[in-house]
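Engineer: Chains L and C, in that order, give the protein sequences.
Note that the first sequence covers residues 1 to 197 in the numbering used here.
Note that the second sequence covers residues 1 to 298 in the numbering used here.
Bear in mind the hints are in silico, worked out from the structure with no lab data behind them.
Check each hint, because a few of them may be wrong.
Reference listing, derived: stretches of chain C covered by chain L, where coverage requires no fewer than 3 residues with Cβ under 8 Å from a Cβ of chain L [what the hints assert, rightly or not]:
(1) 41-55
(2) 124-135
(3) 219-233
Facing chain L, from chain C, some residues (calculated, C-beta under 8 Å) [unchecked claim]:
(4) T10
(5) L12
(6) G16
(7) S19
(8) M20
(9) K22
(10) G24
(11) D103
(12) M104
(13) K179
(14) G180
(15) F189
(16) I193
(17) P196
(18) N260
(19) D290
For glycine and all other residues, C-beta sits at the position ideal for the given N, C-alpha and C.
Each chain, written out:
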Amino acid sequence: MNATEIRIGVLALQGAVSEHIDAFRLALEEMSLSDNSTVVTVRHADEIPHLDGLAIPGGESTTISRLIDKNQMRRPIEEFDGGIFATCAGMVLMATNVDDPRLTTLGLIDMDVIRNAFGRQKESFEADLEINGFGSPYHAIFIRAPVASSAGKGTEVLSTIDKGIVAVRKGKHYALAFHPELGWDLRFQVRFLEGLY
Amino acid sequence: MKLEELRFGTELLKRGFASMQKGGVIMDVVNAEQATIAEETGAVAVMALERVPADIRKAGGVARMADPEIVMSIIDAVSIPVMGKVRIGHFVEAQVLEYLGVDMIDESEVLTPADEQYHIDKTKFKVPFVCGARNLGEALRRINEGAAMIRTKGEAGTGNIVEAVRHMRAIMGEIRMLKGMDSQEIIDFARDIEAPAELVMECARMGRLPVVNFSAGGVATPSDAALMMQLGADGVFVGSGIFKSASPKIMAKAIVEAVNNFDNPEQIAKASRGLGDAMPGLDIHTLPEDQVLQYRGR
Numbered sequence: 001m002n003a004t005e006i007r008i009g010v011l012a013l014q015g016a017v018s019e020h021i022d023a024f025r026l027a028l029e030e031m032s033l034s035d036n037s038t039v040v041t042v043r044h045a046d047e048i049p050h051l052d053g054l055a056i057p058g059g060e061s062t063t064i065s066r067l068i069d070k071n072q073m074r075r076p077i078e079e080f081d082g083g084i085f086a087t088c089a090g091m092v093l094m095a096t097n098v099d100d101p102r103l104t105t106l107g108l109i110d111m112d113v114i115r116n117a118f119g120r121q122k123e124s125f126e127a128d129l130e131i132n133g134f135g136s137p138y139h140a141i142f143i144r145a146p147v148a149s150s151a152g153k154g155t156e157v158l159s160t161i162d163k164g165i166v167a168v169r170k171g172k173h174y175a176l177a178f179h180p181e182l183g184w185d186l187r188f189q190v191r192f193l194e195g196l197y
Numbered sequence: 001m002k003l004e005e006l007r008f009g010t011e012l013l014k015r016g017f018a019s020m021q022k023g024g025v026i027m028d029v030v031n032a033e034q035a036t037i038a039e040e041t042g043a044v045a046v047m048a049l050e051r052v053p054a055d056i057r058k059a060g061g062v063a064r065m066a067d068p069e070i071v072m073s074i075i076d077a078v079s080i081p082v083m084g085k086v087r088i089g090h091f092v093e094a095q096v097l098e099y100l101g102v103d104m105i106d107e108s109e110v111l112t113p114a115d116e117q118y119h120i121d122k123t124k125f126k127v128p129f130v131c132g133a134r135n136l137g138e139a140l141r142r143i144n145e146g147a148a149m150i151r152t153k154g155e156a157g158t159g160n161i162v163e164a165v166r167h168m169r170a171i172m173g174e175i176r177m178l179k180g181m182d183s184q185e186i187i188d189f190a191r192d193i194e195a196p197a198e199l200v201m202e203c204a205r206m207g208r209l210p211v212v213n214f215s216a217g218g219v220a221t222p223s224d225a226a227l228m229m230q231l232g233a234d235g236v237f238v239g240s241g242i243f244k245s246a247s248p249k250i251m252a253k254a255i256v257e258a259v260n261n262f263d264n265p266e267q268i269a270k271a272s273r274g275l276g277d278a279m280p281g282l283d284i285h286t287l288p289e290d291q292v293l294q295y296r297g298r
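Work out the full structure: start from the sequences and follow the hints.
Structural biologist: Dropping the structure here:
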């Protein structure tokens, strides 16, 4: 039995919440960490400081951003000292700059993000990506996805395609333009979890 | 990464798109101004229409896909996804909406059906579809045709939640019944409800529909929306309920808040205060049978 305890919260304001919960539970199992670890939904600001990792799921970035403010979660997320696993809309929210002036981002990763960079839903796609540090291609699911046009200080770019940067790490934080929670490949979740202990 | 290796319009992308709408409110809008209000008040997507269901009822006649000009003006006005309605079985209206760049197509009983025998073969499209259902059998037949999202039919344009409740209870209740069945009983049940056995098996295994399940048809207040969420909906479509109310902006915000806090009476109470009049409602029992929209398509 592994005694390591990891507490993961999935921000449950809007979007693909249950998919992240299932994927993290599977990843913890794969790492033999599920005995003492927990994966929970997060709907209140006071739950955030108790976590080791927080997932910000895909959904509508404008909606999630509004609800973060409405539920007074902006400060607790900005001051959170664990790791953040942000996908799609989550990646948009993590950026310092976004191409939509109506959106107030969290600014936790120094990067410029473009929303819906590939176009509308009919331009959504699946593709095999080269990821820094992965031995074999990673099958990624892009749904009305953003890209980063640049990533600055303290960031590590993990994957780039012709439109721009699609995977970034900064310390314990990951920002991914695609949806690791919808596929079967748990390498990103495992890598994120390894960074938390 | 080579462009020819990209895969578009897969089942995973369609169902994934639907998953991104979860916990959200999708609002009916008839012009760019309403679409902007919907986006500002926290809608996850808008449904572009020529008329909201309450006005379709009033107008009578044949209700069809919206004018592409309306759809395009709404697409240009917002950054959130835009959906559009087509008549049941009218695959050319669907081809047009896909071409225009609509993100999801609602094959909807609210419009006058174009085909009384067949629904659209939704597997032929890159864009995902949502379809209405009154029970598990209907939901699974639509999923079998390629629907990536299900919504209750309810009774659109009435401002009366009773039918949406009936349909959500039917779907959730039938899925709960599956729990106690062995595989032979499941196959028998599948035959009864006229649904593919593999899909019924999948529901039994997952304890839910294999796609996202929203509520629609009759949501008029924040409490209505929260009721549907507590009954198991993944999110809510609001048709006439917002822009037929006395103050659409406030109503839209209140419904978004009620869906976000659907299990918190204090927050629902707060959101419900001083909203002004909800849309005027219709008693379902007073409707002549040919005006009951949920009987269209089965």
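Engineer: Are the hints correct? Go through all of them and say.
Structural biologist: These are the hints, each one checked on the structure:
Counting residues of the region 41-55 of chain C whose beta carbon lies closer than 8 Å to any beta carbon of chain L gives 4, which reaches the threshold of three, so the coverage claim holds. Proximity of the region 124-135 of chain C to chain L, defined as three or more residues with a beta carbon under 8 Å from a beta carbon of that chain, is established by the 3 residues found. Using a Cβ-Cβ cut-off of 8 Å, 0 residues of the region 219-233 of chain C lie near chain L, which falls short of the minimum of three, so the contact claim is violated. Because the smallest distance between the Cβ of T10 (chain C) and any Cβ of chain L comes to about 6 Å, under 8 Å, the interface hint for this residue holds.
Here the hint on L12 (chain C) is kept, as its CB sits about 6 Å from the closest CB of chain L, short of 8 Å. About 5 Å separates the beta-carbon of G16 (chain C) from the nearest beta-carbon of chain L, less than 8 Å, and the hint is met. Checking S19 (chain C) against chain L by beta carbon gives a least distance of about 4 Å; that is within 8 Å, so the hint holds. For M20 (chain C), the suggested interface contact is upheld, since its CB lies about 5 Å from the closest CB of chain L, less than 8 Å.
Checking K22 (chain C) against chain L: minimum C-beta separation of about 6 Å stays under 8 Å; hint holds. Of the supplied interface hints, the one on G24 (chain C) holds, with its beta-carbon coming within about 5 Å of a beta-carbon of chain L, less than 8 Å. Satisfaction of the interface hint for D103 (chain C) is found here, the shortest Cβ-Cβ separation to chain L being roughly 4 Å, below the 8 Å cut-off. Interface restraint check for M104 (chain C): the shortest CB-CB distance to chain L comes to about 7 Å, inside 8 Å, so the restraint holds.
With its C-beta approaching chain L no nearer than about 19 Å, K179 (chain C) sits outside the 8 Å limit, and its interface hint is violated. With 8 Å as the threshold, the beta carbon of G180 (chain C) stays out of range of chain L, its nearest partner Cβ sitting at about 24 Å, so the hint is violated. Checking F189 (chain C) against chain L: minimum C-beta separation of about 26 Å lies over 8 Å; hint violated. With its C-beta approaching chain L no nearer than about 25 Å, I193 (chain C) sits outside the 8 Å limit, and its interface hint is violated.
Taking 8 Å as the C-beta contact cut-off toward chain L, the hint placing P196 (chain C) at the interface is violated, the least distance being around 23 Å. Interface restraint check: N260 (chain C) against chain L, minimum CB-CB distance 6 Å, threshold 8 Å, status holds. For D290 (chain C), the interface hint is violated, the least distance from its beta-carbon to any beta-carbon of chain L being 35 Å, above 8 Å.
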